[in-house]
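Visitor: These protein sequence lines map, in sequence, to chains E and H. Here the first sequence is numbered in the UniProt record's numbering, starting from 1 and rising by one per residue. Here the second sequence is numbered in the UniProt record's numbering, starting from 1 and rising by one per residue.
Please note that the accuracy of each hint is not assured.
Simulated pairs of lysine-lysine, DSBU-like, Cα-Cα distance not exceeding 35 Å [stated by the list, open to error]:
| no. | chain 1 | residue 1 | chain 2 | residue 2 |
| --- | --- | --- | --- | --- |
| 1 | E | K51 | E | K109 |
| 2 | H | K357 | E | K341 |
| 3 | H | K274 | E | K348 |
| 4 | E | K319 | H | K364 |
| 5 | H | K46 | E | K319 |
| 6 | E | K364 | H | K319 |
| 7 | H | K279 | E | K357 |
| 8 | E | K51 | E | K175 |
| 9 | E | K360 | H | K46 |
Now the stretches of chain E that chain H is said to cover, found in silico as 3 or more residues with beta-carbon under 8 Å [what the hints assert, rightly or not]:
| no. | region |
| --- | --- |
| 10 | 174 to 184 |
| 11 | 209 to 221 |
| 12 | 237 to 243 |
| 13 | 284 to 290 |
| 14 | 395 to 405 |
Just so you know, these hints were derived from the structure itself, not from any lab. Note that CB positions come from ideal geometry on N, CA and C, so glycine has one too.
2 protein chains.
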Amino acid sequence: MKSAKPYIEEHKQRFIDELIELLKIPSISADSAYKDDVIKTASVIKESLEKAGCDTVEICETPGYPIVYGEKIIDKTLPTVLVYGHYDVQPPDPLDLWHSPPFEPVIKKTELHPQGAIFARGSCDDKGQMYMHVKAMEYMANTGQLPCNVKFMIEGEEEVGSESLEWFVTRNQEKLANDVILISDTGMIANDIPSITTGLRGLSYVEVEVTGPNRDLHSGLYGGAVANPINVLTKMVASLHDENNHITIPGFYDDVEILSTEERAKMAEAPFSKEVYCKALDIEDTYGEAGYTTNERNSIRPTLDVNGIWGGYIGEGAKTVIASKAYAKISMRLVPDQDWKKITQLFKDHFESIAPKGVKVEVKPHHGGQAYVTPIDSDGYQAASKAYENTFGKTPIPQRSGGSIPIVALFEKELKSKTILMGFGLDSDAIHSPNEHFGVWNYLKGIETIPQFYSEFTKLKTAK
Amino acid sequence: MKSAKPYIEEHKQRFIDELIELLKIPSISADSAYKDDVIKTASVIKESLEKAGCDTVEICETPGYPIVYGEKIIDKTLPTVLVYGHYDVQPPDPLDLWHSPPFEPVIKKTELHPQGAIFARGSCDDKGQMYMHVKAMEYMANTGQLPCNVKFMIEGEEEVGSESLEWFVTRNQEKLANDVILISDTGMIANDIPSITTGLRGLSYVEVEVTGPNRDLHSGLYGGAVANPINVLTKMVASLHDENNHITIPGFYDDVEILSTEERAKMAEAPFSKEVYCKALDIEDTYGEAGYTTNERNSIRPTLDVNGIWGGYIGEGAKTVIASKAYAKISMRLVPDQDWKKITQLFKDHFESIAPKGVKVEVKPHHGGQAYVTPIDSDGYQAASKAYENTFGKTPIPQRSGGSIPIVALFEKELKSKTILMGFGLDSDAIHSPNEHFGVWNYLKGIETIPQFYSEFTKLKTAK
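Okay, chain E solo, but in the shape it has when bound:
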């Protein structure tokens, strides 16, 4: 595969203009007021795939927003890459924190993006990163270099839980059959430190309710004599970690994948400055499980965090009340090979068992997902690694992310193939926040790198 650089140089302005047009449509899947815009975006994606060279493009109806499917099958004996992305975006609130309107894209220079970045909702997550694949396809098709078959599956409900995607995938296994899945919906360490996300954590999210007396009580008349649900909740939650910040739920660590010393050493090569990290968050020190580094704590180790807590009087001033109920939302990030359903049950059993007499406890599971890991010796990873080497001149660092993308585990289960996460955004690109942006350099570098993946992957596969 020839370098796409000259082609990109020639069409750069059009690539940017097309993305800007796409970003102008407020395809907010969470807000039904934008329904027409979400649907319109699907049509725009369909057209762009047709123009890029797909032979067949369909807007596939689902119980929710449509999924755009496109394909170009050049030879059934060659490997097939399935590209996944999403055309919906997060709501832009709080609007007053944006320096320019979220759906009126502007290009501005930043410290990390000296060549400019496109500021708009969805610029990085995921319209910009998804559109890199469309433009990479255009390059390969227009220059007659497409080395294998390609399928696109672009959905419109990623920001609201991808419910219709599961519905679609389980019904279209044959149509979606592939040898590797390619997604750009994550980030990399820095523009001069390419990295590939090889692991995602799983998730178990629960809500707990502690009920004491059947009504709110006067804290003077009852204080000290009955179990106060808030005090009890703090005791119960506090007991979920021991003094080394290990989680105390029996059986919680039973299935946790233990990484070799070598693997941990490789992870430790990723540049990390605790000083810079703490300064950015305005904290004096990090905090976490004994025996692990910060980068390990938020990637290869499971964790338990309270995401919300409430009970009693939370208005201004003082009220001397003992609340009848106290609540918390608690999430656990899981790692291979923990099963989220098993962990949810272990949490429930344990939490109910530690409730003192005098209170009733209810644990309501919210949702969850499995952790995921891509082996770095897989063809997909090796092809991606070579692609970065070709365009960045550096071997990318394999990196586990602390976040969760439940659909990746779904793909593995239903489509039996591995996912490669080639993300070109930066942590500082403010996805899900005001002033989301995506570097112009990153956008074009993605378009340059992706065709290299196709070529390297096809080489590896056909050599076997």
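Starting from the structure of chain E, add chain H where the hints point.
Guide: Below, chain H without anything else, positioned relative to chain E:
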């Protein structure tokens, strides 16, 4: 002093009608929309004191709502009783839980009040109990039996912190000079088990704020690597009690009054059924400090309760956020001889000292007050005890309350006299709640018992 029974029998209907008229005025001090009603109530109280036989009655302006002052001085060499009460009421919310409108009094029979109870906001707290004193005065004045001097001080800000009362008392020490202060703003055990409140707990109320990272973080990317302010807050709050439910703040118990075995034995005579107590609150068991009974835990022992807690995402569904801040409102009920300002400082010092690295902690004191105890060998207590014997035919049980009435400590400090708490309400009268009521029997029994106090107190004082 002759029994007031015949007088009460003759004027019963008028006594009830007058109270009902008073209860119709919504004198809600917390809501400025009711300002005119609060002020109007002061005038009604003034008139009622004049009619009851006071020689001088004034509406005394303060920075807030006026205080109604009345007096009848029959002989400066005789003792003086100062009656305190309040004419303002709690807001009636939630309105939809009332079975009849809060300011349209109705008389209905209940299990505990077979002769009927007056249902209205303020019926028990404190218009009904305060008005018993006006009617007792009327009886003594009209029948020429007033045995001593009497002063009334009826305020309009008790439900919002009595700020103007402190202003008034510190400026009128001579005018308010007295030998004993009499208040009916508490309860008794049951209609056939008279009791006198001899102790009130003090209070220290604080708000704590735990700050972690300088913004809300994604719990996937940061979970396990930074101190989560909510998790930290639960650990800190949980650590304030040990496994025996003793409070762990160093020095907290240093000044706690230790009761003798005899005193505790006397307290234990008060009837108490744990089964009934638990059933009423729908709890399986009580909960509290090891080594003390339920009645001790909520009266002679200091306690620490979280009155409110909040942080992170508390809406519907799930959000995987690590909050930047977490908060709690915490109150400590104190006993003699703990000093609330010292305890507040001990709490602040301790709570700040146990914060782990990675968070910042702020403790904001709200307010507080000293505990109070009336010795049962004082003239005031002895006179009250005899008064109950005369009308109930039973010696009342001295009882410590878990609640706090900070003005009682203020009176002792500024006016150098003891307060006697002759309460005639029942715990079940739902003060501060929907469907507040006050038994007609209790109302009339109060009017019958109060004159006996004047007579017994004057006897004891003049005998010396």
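Visitor: Each hint: holds or not?
Guide: Right, here's what the structure says about each hint:
Simply put, K51(E) and K109(E) have alpha-carbon atoms about 31 Å apart, close enough for the 35 Å limit, and the pair holds. For the suggested pair K357(H) and K341(E), the alpha carbons sit about 34 Å apart, so the restraint of at most 35 Å is met. Pair hint K274(H) plus K348(E) holds up; C-alpha atoms about 30 Å apart against a cutoff of 35 Å. Using a Cα cut-off of 35 Å, the hinted pair K319(E) and K364(H) holds, with the two alpha carbons roughly 15 Å apart.
For the hint linking K46(H) to K319(E), the alpha-carbon distance of about 32 Å falls within 35 Å, and the restraint holds. Between K364(E) and K319(H) the alpha-carbon distance is near 15 Å, which keeps this suggested pair within the 35 Å criterion. Of the pairs offered as hints, the one joining K279(H) and K357(E) holds, with about 14 Å between alpha carbons and a cut-off of 35 Å not exceeded. Distance check on the hinted pair: K51(E) and K175(E) sit about 21 Å apart at the alpha-carbon level, within 35 Å; holds.
Simply put, K360(E) and K46(H) have alpha-carbon atoms about 51 Å apart, too far for the 35 Å limit, and the pair is violated. Chain H is given as covering the region 174 to 184 of chain E, and this is violated because 0 residues of the stretch bring a CB closer than 8 Å to a CB of that chain, at least three being needed. Taking a C-beta to C-beta cut-off of 8 Å, the region 209 to 221 of chain E contributes 9 residues in contact with chain H, enough for the three needed, and the coverage statement holds. Here the region 237 to 243 of chain E counts 4 residues with a CB under 8 Å from a CB of chain H, which clears the bar of 3, and the coverage holds.
Counting residues of the region 284 to 290 of chain E whose C-beta sits closer than 8 Å to any C-beta of chain H gives 6, which meets the bar of three, so the coverage hint holds. Counting residues of the region 395 to 405 of chain E whose beta carbon lies closer than 8 Å to any beta carbon of chain H gives 4, which meets the minimum of three for the stated coverage.
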